[in-house]
Amino acid sequence: MTPVSPSLDDRLDEAARAGDPRAAVSVVLREVFDAARARAERKLDGGMKGREVARLYATAADDLLIALWRVATQVLFPISAVESERLSLVAVGGYGRGVLAPFSDLDLLFLRPAKPTPRGESVIEFVLYVLWDLGVKVGPAVRSVEECLTLSRTDMTVRTTLLEARPLAGDQGLAELMIGRFRDMVSKSDPRPFIAAKLEERAARHEKAGSTRYKVEPNVKDGKGGLRDLNTLYWIARSLAPESRLGATVMDELFTPRERRTSDEAFDFLWRVRIHLHLIAGRAEEKLTFDMQPEVARRMGWRGRGDEPAVERFMRRYFLVARDVGALTRAMSAKLEARHQKTAQGLSRLMTSFRPTRRKVEIDGFWIDQGRLSVEGPEVFDADPVKLLTLFVCADKHDLDLHPDAFSAVTRSLSLVTPKLRRDPAATRAFLDILAHGQRPYRVLTIMNETGLLGRFLPEWGRIVGQTQFNMYHAYTVDEHTLQAIGIINDIARGKLKTDHPMATEIVHLISDMEALMLGMLLHDVGKGGERGQLEDGAIAARRACERLGVDPRRIELVVWLVRSHLALSDYAQKRDLSDPATIRAFAELVGDPERLRMLLVLTVADIRAVGPGVWNGWKGQLMRTLYNQVAALFRGEDVTREDPLSAHPALVERARHTGAAAEAAPVSPVEGLPVQATEISIAASDRPGLFADLAQTMAALGADVTDARVATEDGVVLDVFRVQDGAGLPYGQAEPRRLKTLVEALEKAARGDGRIGQAPQPAGNARKAAFEVRPVVMVDHHASEAATVIEVSCADRPGLLADLSRVFNDEGLSIRSAHVASYGERAVDSFYVVDRRGRKVASEQRIAELRTALEAVLDSRAPAPEGRKVRSARASARDVSELGRRARKPVSPGEQAR
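With the first letter of the sequence shown counted as 1, position 710 gets the number 710 in the working numbering; the numbers rise by one all the way through.
In short, the hints are calculated from the structure, not lab data. Misleading hints may appear alongside valid ones.
[Unchecked claim] DSS-like, lysine-lysine: derived pairs with alpha carbons at most 30 angstroms apart:
#: 1; residue 1: Lys620; residue 2: Lys498
#: 2; residue 1: Lys741; residue 2: Lys620
#: 3; residue 1: Lys360; residue 2: Lys335
Kindly generate the complete structure, drawing on both the sequences and the hints.
As structure tokens, then:
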């Protein structure tokens, strides 16, 4: 006969009799708790819905606490019949809702009738210590019934936690008394202050986590469109119907069946993501960082399709869900306002009796309702689908946000967007007016995007909604980045960015076709993810979109050219030698005329600035202005001559001619509104083989990270200009000025060939960088320069990379005449103008092949992960890496380009 295993209660009773009951009880409960959590994890792996798995984790916590409470109150500190020693354990907050992530806090209320008693203190202390021994995070509160009620009247955070109150163990009557009185108080209270507090709290949370829901490393819990936004809706519903489980009666009233389904699907998806995040991190991690994204995608079953890897498909789904959460929030706001339980603009002000709540506008069926544009209902669009577009024209004209009723009416009317409407002249005219002639196109187009109308009206746009690029360069989804770029062009045209972009502000008013420019900006990234490449697929999609919009053929060709060439100005400015006349002539040939040059400059400035915070800087602006001015001069018929590259530092060069080498450092001049991002170090020295490699090695050895570099040679003297940061991404020497002095002295010695150069320190493990598989690329261009071969390399950025590359060139018998360093997040793209020892181009194909092999050996490395941490990697998106090295163009004469 098989012996019967002792029950959990028996094991706990025995543990309570041990010499150290706390330790013994902890051992028993740890085994049971870990087994229950493991079962929940297996259910997750088996495909169970996210909320169901979250309930399993909550059930595991319930069973743990009930067992712990029993041994504490019945065995170690037995119950007394005294009224004052009544004690109840209540789950509150998210835990009270009955859902938990693996490492979430347990929000617990220890409820007593009045004042604390010694026995009650002993029970609470034992329970908390055991939970802490188990590694459980606890958010405890010890209160009486009256204290709960008093606090919840004025403290909306306390009220929120008690809305979810659920008795767990102990005196059931005491818990039910508090919950009953609390719900009665809430039902009799004015709900508006609570709703106001929750919406203001949401706004503050969004501000902290990032005001857009389309940041590529979102916070699943607190970010815009995350779980907390959904929970806020349910808290509001619960405050309106405190007796209803999870506010179900109110939710059924406020949401349509379709919206309830959307809510349920969003909850399940976000909970699955959050639980996987916790399990991968082994802690309460809420941010979906790059190093987490590939593994979460794999665990959730996503697979790559075509050129779109699994991680990008997964993240696109995430952002579409976040958008749905935003739509649900607007829908609930509309219904609440209809019930007069919420006022406009997040309850920041109360309605005044003397202000009319509705005011007619010039279009039938539209009116202004409490400062926002509203409609009579979806039937307005049924009668005239063009009004789906004119609604937004009207909103822009009157500088109004869209009322939630109008927002919902648009989303419910998307089926009216047919091929016929997409070609309707009135509809397309309305769309182009918003895009190119609106007051605030970013805001209006963003709302159109949120409703789904923009992607429905422009199918090419619909394919990039929520699309991400798995790299550290882009901070936003493709659609959000594009909308921000459109807003930046509008700000430039209105003079708001004159200090940052003086040239763009001046020339934007010389552009004769703003519609073509704005169409080019809107469509510049619609080719991302295409099989033919971003530029070619983008050009094809742009042509198709413009033809459908009824754009005239001449303008279509201009828009298509802008889309196909939108990376060119940035590539030439940052990756080519602007002192070489061949560079200027090649770019002029590509551009063709001054109007296109003006458009391309404005578009490029907006494109780069909209990539993310800190990407635009004064260095890039200076390079682009230099290229623009030289090409503009060529178009005016002026000849392009090679300027003396040493003229910017005459004193330094003169000192180097006498001493052999000279170096100086200065902080980069700040651009208003942008932080100083680097220290500029200039070194002049007599040219010799290996000079650049020695300088790069010296900087790597002293921990200087090169973010930009320019090298110029003239009459046997080399001028190297580097922009460097420290390991924290700050200007080198800003935190420790002595380090900068040491670096300058070391560079002078290295330039003269004096002293021993140390090795670069090994990079510390970085989980975010380790998540990227950066495919190394070596491109050779014999046509970009008349005097040198251009080698462009692209690979994972790392400390010491520039030194290693320059050492390869030196070992291969090549001299660097010009170097151009650029970084794009995790990727470095460096261009070198090289010649052999006799000063000629590298013509031998065999030698090029040997050089390519040597470079690839240096390039093929991946950033290390932190020690003991396994990071799943995915292919980094390289869609913005230039293809200049693959384009063979012959430079043209000034006469051929003069216009």
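CA of Lys741 to CA of Lys620, is that 30 angstroms or under?
Between Lys741 and Lys620 the Cα gap is close to 26 angstroms, so the pair holds against 30 angstroms.
Given the hinted pair Lys620 and Lys498, is their Cα-Cα distance within 30 angstroms?
holds (16 angstroms)
Sort out whether Lys335 lies within 30 angstroms of Lys360, counting only the CA atoms.
holds (21 angstroms)
The structure meets every hint from the earlier list without exception.
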